[in-house]
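> So for the sequence shown, our numbering puts the first residue at 1; every next one is plus one.
I should point out that these hints are in silico values taken from the structure, not numbers from a laboratory. The structure presented is a predicted model; accordingly, all values stated were derived computationally and were not measured. Positions of the beta carbon are idealized from the N, C-alpha and C atoms, including for glycine. Check each hint, because a few of them may be wrong.
[Unchecked claim] DEER-style ranges, computed between Cβ atoms:
#1 Ile-74 / Leu-33: 20 to 26 angstroms
#2 Asp-52 / Asp-90: 15 to 21 angstroms
#3 Leu-94 / Asn-69: 16 to 22 angstroms
#4 Lys-17 / Pro-68: 28 to 34 angstroms
#5 Leu-27 / Thr-79: 24 to 30 angstroms
#6 Ser-48 / Arg-28: 17 to 23 angstroms
#7 Ser-16 / Asp-81: 31 to 37 angstroms
#8 Ser-83 / Lys-17: 35 to 41 angstroms
#9 Ile-75 / Tyr-23: 20 to 26 angstroms
#10 Thr-80 / Ile-21: 30 to 36 angstroms
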Amino acid sequence: MQLITSLDIRNSEYLSKNRLISYHHQLRLIFSLGNQVKKVLEIGIFNSLLTDILKNNGYNITTADVNPNLKPEIILDLTTDFSLPKDKFDAIVLFQVLEHFPYRQQSQLG
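Sequences and hints are given; from them, build the entire structure.
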């Protein structure tokens, strides 16, 4: 698995028009879940833009990432066995994450 922080991406390059459109669709999907979803686990946080927007819209966000340098609340390696607290989250999202796994490794996830 390749960490996105190892790619030497400057924020200005990362926040392209297509990336912002992707964020729009991610937010649209979460907002479409309605008022019953307020506690969200976001896996794969990189620049925390989605986290910040959701928090500003009243969501209770818990962050998780494999990279401790990003300061997630939960250090989570999806390639290992893990468990999450039951009934703590209304939704779990991991946008723009799976493409960072080699294809062989993706088939083993789950």
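> Of all the hints numbered above, which does this structure not satisfy? Sort the numbers upward.
none
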